Amino acid sequence: DTGVSQNPRHKITKRGQNVTFRCDPISEHNRLYWYRQTLGQGPEFLTYFQNEAQLEKSRLLSDRFSAERPKGSFSTLEIQRTEQGDSAMYLCASSQSGGVSSYNEQFFGPGTRLTVL
Amino acid sequence: GENVEQHPSTLSVQEGDSAVIKCTYSDSASNYFPWYKQELGKRPQLIIDIRSNVGEKKDQRIAVTLNKTAKHFSLHITETQPEDSAVYFCAASIRGTGNQFYFGTGTSLTVIP
Numbered sequence: 568d569t570g571v572s573q574n575p576r577h578k579i580t581k582r583g584q585n586v587t588f589r590c591d592p593i594s595e596h597n598r599l600y601w602y603r604q605t606l607g608q609g610p611e612f613l614t615y616f617q618n619e620a621q622l623e624k625s626r627l628l629s630d631r632f633s634a635e636r637p638k639g640s641f642s643t644l645e646i647q648r649t650e651q652g653d654s655a656m657y658l659c660a661s662s663q664s665g666g667v668s669s670y671n672e673q674f675f676g677p678g679t680r681l682t683v684l
Numbered sequence: 021g022e023n024v025e026q027h028p029s030t031l032s033v034q035e036g037d038s039a040v041i042k043c044t045y046s047d048s049a050s051n052y053f054p055w056y057k058q059e060l061g062k063r064p065q066l067i068i069d070i071r072s073n074v075g076e077k078k079d080q081r082i083a084v085t086l087n088k089t090a091k092h093f094s095l096h097i098t099e100t101q102p103e104d105s106a107v108y109f110c111a112a113s114i115r116g117t118g119n120q121f122y123f124g125t126g127t128s129l130t131v132i133p
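Protein sequence lines correspond, in order, to chains V and B.
Using my numbering, read the first sequence as starting at 568 and increasing by one per residue.
Using my numbering, read the second sequence as starting at 21 and increasing by one per residue.
Calculated directly from the structure, the hints in this document are not laboratory data.
You may find that some hints are simply not true.
What the hints assert, rightly or not - Cross-link-like lysine-lysine pairs, in silico, DSSO-like; alpha carbons within 27 Å at most:
| # | chain 1 | residue 1 | chain 2 | residue 2 |
| --- | --- | --- | --- | --- |
| 1 | V | 624 | V | 578 |
| 2 | B | 57 | B | 78 |
| 3 | V | 624 | B | 78 |
| 4 | V | 581 | B | 91 |
| 5 | B | 77 | B | 42 |
| 6 | V | 624 | B | 77 |
| 7 | V | 581 | V | 624 |
| 8 | B | 77 | B | 57 |
| 9 | B | 42 | B | 57 |
| 10 | V | 578 | B | 78 |
| 11 | V | 578 | B | 91 |
| 12 | B | 42 | B | 78 |
| 13 | V | 638 | V | 581 |
| 14 | V | 624 | B | 62 |
| 15 | B | 88 | B | 77 |
| 16 | V | 638 | V | 624 |
| 17 | B | 42 | B | 88 |
| 18 | B | 77 | B | 91 |
Stated by the list, open to error - A few chain V residues that don't get close to chain B, going by computed Cβ distances all over 12 Å:
| # | residue |
| --- | --- |
| 19 | 638 |
| 20 | 660 |
| 21 | 673 |
What the hints assert, rightly or not - Coverage of chain V stretches by chain B, computed from C-beta distances (three or more under 8 Å per stretch; other residues unrestricted):
| # | region |
| --- | --- |
| 22 | 608-622 |
| 23 | 675-684 |
Every value quoted in this text rests on a predicted model; they were computed, and no experiment measured them.
Glycine included, every Cβ here is placed at the ideal spot set by N, Cα and C.
Let the sequences and hints guide you as you build the complete structure.
Written as structure tokens, this is what we have:
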């Protein structure tokens with residue numbers, strides 16, 4: 568499977584615990600995005616990386632959230648001291664920037680569904 | 021930031037009829053508008069997109085139109101089939117920035133056989 572992969576697919580945790588998700592983008596893609604999707608809503612942008620640099624963070628990304636992409640390949644999203652309001656589907660997407668026709672189609676992973684009890 | 025509104029939130033059509041979903045955006049700098057289809061429990065998948073220098077694009081039974089002046093764009097599905105049933109999201113982004121997508125709230129389309 569050469570698409571975007573995410574692990575774990577499901578995570579149930581208790582309020583106050585820390586969780587970490589992983590995203591493996593399509594190998595030649597230099598951009599990686601994290602989105603959050605709650606029931607009945609469209610995905611909301613959280614942050615994105617170009618190679619290993621985190622270039623933008625949404626105001627939705629509180630101090631409890633941190634993302635890394637240490638070698639410009641896979642990325643991790645960590646949520647510290649989880650709250651019930653963090654329950655959502657966390658989607659990762661990747662794209663390739665640059666080029667004549669690069670309007671940057673983003674390819675999405677299957678998501679990690681987080682449930683905070 | 022960009023604000024994308026999408027209507028209707030739910031849509032039911034008879035098989036073979038057409039379906040139209042409409043979106044508006046707020047930032048006149050937005051210049052790329054993809055549409056994603058998300059089936060239950062699955063990842064969003066791109067079905068069609070349009071750039072701001074084009075007014076209409078068609079791919080078999082699917083077409084998208086863009087009115088830059090009015091800042092709205094629409095998805096048209098003709099000859100609908102049961103397998104078209106899914107949630108459809110429109111999005112807008114600005115090329116040259118991070119290209120993050122701003123999504124609408126989605127339209128749940130049901131095609132009744």
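Against the structure, the hints come out as follows:
1. V/624 - V/578: Status holds; Cα separation ~23 Å.
2. B/57 - B/78: OK: residue 57 of chain B and residue 78 of chain B at ~16 Å, within 27 Å.
3. V/624 - B/78: violated (34 Å)
4. V/581 - B/91: The given pair, whose Cα atoms are some 44 Å apart, is violated under the 27 Å limit.
5. B/77 - B/42: holds (15 Å)
6. V/624 - B/77: Not satisfied, since the Cα-Cα distance of roughly 32 Å exceeds 27 Å.
7. V/581 - V/624: Distance ~26 Å between residue 581 of chain V and residue 624 of chain V Cα, so the pair holds.
8. B/77 - B/57: holds (17 Å)
9. B/42 - B/57: holds (14 Å)
10. V/578 - B/78: violated (40 Å)
11. V/578 - B/91: violated (39 Å)
12. B/42 - B/78: Holds: residue 42 of chain B and residue 78 of chain B sit about 16 Å apart, inside 27 Å.
13. V/638 - V/581: Cα-Cα ~31 Å, so violated.
14. V/624 - B/62: holds (26 Å)
15. B/88 - B/77: holds (14 Å)
16. V/638 - V/624: holds (19 Å)
17. B/42 - B/88: Satisfied, since the Cα-Cα distance of roughly 14 Å is no more than 27 Å.
18. B/77 - B/91: holds (16 Å)
19. 638: Since the minimum Cβ distance to chain B is about 20 Å, residue 638 of chain V lies beyond 12 Å and the statement holds.
20. 660: Residue 660 of chain V not clear of chain B: closest Cβ-Cβ about 8 Å, inside 12 Å.
21. 673: The claim breaks: residue 673 of chain V does not keep its Cβ more than 12 Å from every Cβ of chain B (closest is about 6 Å).
22. 608-622: holds (count 8)
23. 675-684: Holds: 4 residues of the region 675-684 of chain V have a Cβ under 8 Å from chain B.
In the structure shown, a violation is registered for the earlier hints numbered 3, 4, 6, 10, 11, 13, 20 and 21, in ascending order.
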